[in-house]
Amino acid sequence: MNNKISLRAFAFILLLIIFIILPFVNDSRTLLILLTQIFIFGILAMSYDILLGYTGIVSFGHAMFFGIGAYTTAVMLKQMDHTLLIFVLSIVIGMVLAGFISFLVGLLTLRLKSHFFAMLTLAFSGLFLVLAEKWRSVTYGNDGFTFRAPDLFRDRMTFYFFVLASLVVIFLALYRFVNSPTGRILIAVRENEQRTKSLGFNTLHYKVIASVVAGIVASFAGSLYAVSLRFVNTSVMAMDITLDALLMTIIGGVGTLVGPLLGSAVIEYAQHALSGLARDYPIFERWIIFFGILYILAVIFFPKGIIGSLRLLFWKWRGRLKQRKTTGPLPQEKERFE
Amino acid sequence: MELLVNLIINGLATGMLIFLLAAGLTLIFGLMDVLNFAHGGLFVWGAYAGIFTYMLTESFIVGIIGAIVTGALLGLLTEKFIITPVYGNHIQQILITLGLMLVLQELIKVVFGPNGVAVKTPSYLAGSWEIGDVIIIKYRLFIIVIGFVIFGIFQYMLKRTKIGLIVRAGVQDKEMAQALGIHIKRVFLYVFMVGAALAALSGMLMAPYSGVIYAEMGMEYAILGFIVVVIGGMGSFSGSLLAAILVGLAGSFMAYYVPVLSLAVNMILMAIVLIFRPQGLFAMRKERTS
Numbered sequence: 011m012n013n014k015i016s017l018r019a020f021a022f023i024l025l026l027i028i029f030i031i032l033p034f035v036n037d038s039r040t041l042l043i044l045l046t047q048i049f050i051f052g053i054l055a056m057s058y059d060i061l062l063g064y065t066g067i068v069s070f071g072h073a074m075f076f077g078i079g080a081y082t083t084a085v086m087l088k089q090m091d092h093t094l095l096i097f098v099l100s101i102v103i104g105m106v107l108a109g110f111i112s113f114l115v116g117l118l119t120l121r122l123k124s125h126f127f128a129m130l131t132l133a134f135s136g137l138f139l140v141l142a143e144k145w146r147s148v149t150y151g152n153d154g155f156t157f158r159a160p161d162l163f164r165d166r167m168t169f170y171f172f173v174l175a176s177l178v179v180i181f182l183a184l185y186r187f188v189n190s191p192t193g194r195i196l197i198a199v200r201e202n203e204q205r206t207k208s209l210g211f212n213t214l215h216y217k218v219i220a221s222v223v224a225g226i227v228a229s230f231a232g233s234l235y236a237v238s239l240r241f242v243n244t245s246v247m248a249m250d251i252t253l254d255a256l257l258m259t260i261i262g263g264v265g266t267l268v269g270p271l272l273g274s275a276v277i278e279y280a281q282h283a284l285s286g287l288a289r290d291y292p293i294f295e296r297w298i299i300f301f302g303i304l305y306i307l308a309v310i311f312f313p314k315g316i317i318g319s320l321r322l323l324f325w326k327w328r329g330r331l332k333q334r335k336t337t338g339p340l341p342q343e344k345e346r347f348e
Numbered sequence: 003m004e005l006l007v008n009l010i011i012n013g014l015a016t017g018m019l020i021f022l023l024a025a026g027l028t029l030i031f032g033l034m035d036v037l038n039f040a041h042g043g044l045f046v047w048g049a050y051a052g053i054f055t056y057m058l059t060e061s062f063i064v065g066i067i068g069a070i071v072t073g074a075l076l077g078l079l080t081e082k083f084i085i086t087p088v089y090g091n092h093i094q095q096i097l098i099t100l101g102l103m104l105v106l107q108e109l110i111k112v113v114f115g116p117n118g119v120a121v122k123t124p125s126y127l128a129g130s131w132e133i134g135d136v137i138i139i140k141y142r143l144f145i146i147v148i149g150f151v152i153f154g155i156f157q158y159m160l161k162r163t164k165i166g167l168i169v170r171a172g173v174q175d176k177e178m179a180q181a182l183g184i185h186i187k188r189v190f191l192y193v194f195m196v197g198a199a200l201a202a203l204s205g206m207l208m209a210p211y212s213g214v215i216y217a218e219m220g221m222e223y224a225i226l227g228f229i230v231v232v233i234g235g236m237g238s239f240s241g242s243l244l245a246a247i248l249v250g251l252a253g254s255f256m257a258y259y260v261p262v263l264s265l266a267v268n269m270i271l272m273a274i275v276l277i278f279r280p281q282g283l284f285a286m287r288k289e290r291t292s
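So the protein sequences, as listed, match chains A and B.
According to this note's numbering, the first sequence is numbered sequentially starting from 11.
According to this note's numbering, the second sequence is numbered sequentially starting from 3.
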């Protein structure tokens, strides 16, 4: 077991080194922007997976927290000053705000059953979208506004490394979180809430913790997103953001942290590639259809996503290998080997 | 006075359209325990299919029939291929119907083009009546009448006919109804088709009312439908009528007196109801706790 963990850590470190070296080998601007985008949405999708994959609750209001982060950073950078200090401060304020709101919303809504919760989160995020659209003096509504990023992040490369570092930190933090005693209880809630309750855990309490953690991380992703575009409008609060996070989590694999990252890479890359294809074949302008169909098929046939399905295959293969070592080839496979 | 009447008629007309949308949702939820997030997709397909039939044949009635047939057919496909595989798993249902919603909405853009379509009211329903100094727009009255007629028909069917008896039995206790020899899966299918057809009809009637149809309207009105279902109580047919009227009136009065809040009022209404009375205002009693 020990050997296996270090193998996994080795794989991660190798991947990390590749991503660190990559911009120096291939300094294409498109690639850099694409990777930055993948990392940011990877953070968002990981935070969504804390809810969907680890606690087993479907929220349709995740864009709300993403939007809070994006707007906090954008508004502060525009109205105060575009320094690094303000940027860091805005991230912290956005996270506190998102944490507070997700605490309140969670306390009100998480006692409800899944259907009602899904709808109520949809309603709340709708409310925030309307708020953002109406509060024009600050948000400029749907037109949005541009702002200056901190000087340090003018260089795409610096920003890329900043996002990559954030991704690693958040990944490790969330990894610690889901493997902590609290994280274990979240998984217990997912598996059987009634039984967890009978064991004496206040499940509402733990669900609120999950929603606060997810909200805070989503707000952080939003802050990064705003700086990466240097522009913000109400689309950061829109349903599409939640759908993206949902799609990435489902396709990558629910209940894992690597899954959403992989999902983010797949979706962002596919969006990038399909919008390129759209120039030649107009049908690809409607790439959402392909995602929608892919997503429906994934829910029916691969509810565990890419990582989950691979992991299942791996365990099956290992089990077979072990069995073979002790008892020889499995009975049904004997014929094939003869 | 005339302002009050106009606001009430506006609210009632909007309420009726939302009721038609919500009626299908609530029936499907009550019977099958499925919350159909794709209902707005059926709504918008009804609107587009109906309007295109109407434009081709130049008959509004044929357009309405076209919408209903489209809705029922889509309902059939949805139930068979989308709902059945995930039956009984709430989270998967929510996820998959939302995916279908996306696909339906985008398919509209592929089939009918991405731009909105302007819709004209048929000549015999256009215009208005003047009674004293109160102006009543014909089409709004038409919607209100249709809404009440459909409510009447369904209420009669549910309460007085054998079909209604089966549906009500299914809502109360699926397993028991099945044990008594009712092919509950088939009942599910029919109820789903009827619900989808109602959504499509609602979309079709909405088109001349709002004057323009576009692909995203499905999601917008579906959210209103959800709100109504929640306020009225999941699975309660008459509850959804009352809640729809409430939402319609609240919307029309707020739009006049406090326009800033007009979009938010429904969300606030739903949040309040859910927090203080999560089973809805007019919910039926159900023995099951799950």
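Simulated from the structure, these hints should not be mistaken for laboratory data.
Certain hints may be false.
[Said to hold, decoys possible] Mimicking DMTMM-like on lysine to aspartate or glutamate, the simulated pairs with C-alpha atoms at most 20 Å apart in a straight line are:
| # | chain 1 | residue 1 | chain 2 | residue 2 |
| --- | --- | --- | --- | --- |
| 1 | A | Lys123 | A | Asp37 |
| 2 | B | Lys161 | B | Asp175 |
| 3 | B | Lys187 | B | Glu177 |
| 4 | B | Lys111 | A | Asp250 |
| 5 | A | Lys144 | B | Glu222 |
| 6 | B | Lys140 | B | Asp35 |
| 7 | B | Lys111 | A | Asp290 |
| 8 | A | Lys88 | A | Glu201 |
| 9 | A | Lys314 | A | Asp161 |
| 10 | A | Lys123 | A | Glu201 |
| 11 | A | Lys123 | B | Asp35 |
| 12 | B | Lys122 | B | Asp135 |
Verification of the supplied hints:
1. A:Lys123 / A:Asp37: 49 Å, violated
2. B:Lys161 / B:Asp175: 17 Å, holds
3. B:Lys187 / B:Glu177: 11 Å, holds
4. B:Lys111 / A:Asp250: 17 Å, holds
5. A:Lys144 / B:Glu222: 17 Å, holds
6. B:Lys140 / B:Asp35: 38 Å, violated
7. B:Lys111 / A:Asp290: Since the Cα atoms of B:Lys111 and A:Asp290 sit roughly 18 Å apart, the hinted pair holds (cutoff 20 Å).
8. A:Lys88 / A:Glu201: Since the Cα atoms of A:Lys88 and A:Glu201 sit roughly 45 Å apart, the hinted pair is violated (cutoff 20 Å).
9. A:Lys314 / A:Asp161: 42 Å, violated
10. A:Lys123 / A:Glu201: 15 Å, holds
11. A:Lys123 / B:Asp35: The given pair, whose Cα atoms are some 12 Å apart, holds under the 20 Å limit.
12. B:Lys122 / B:Asp135: 26 Å, violated
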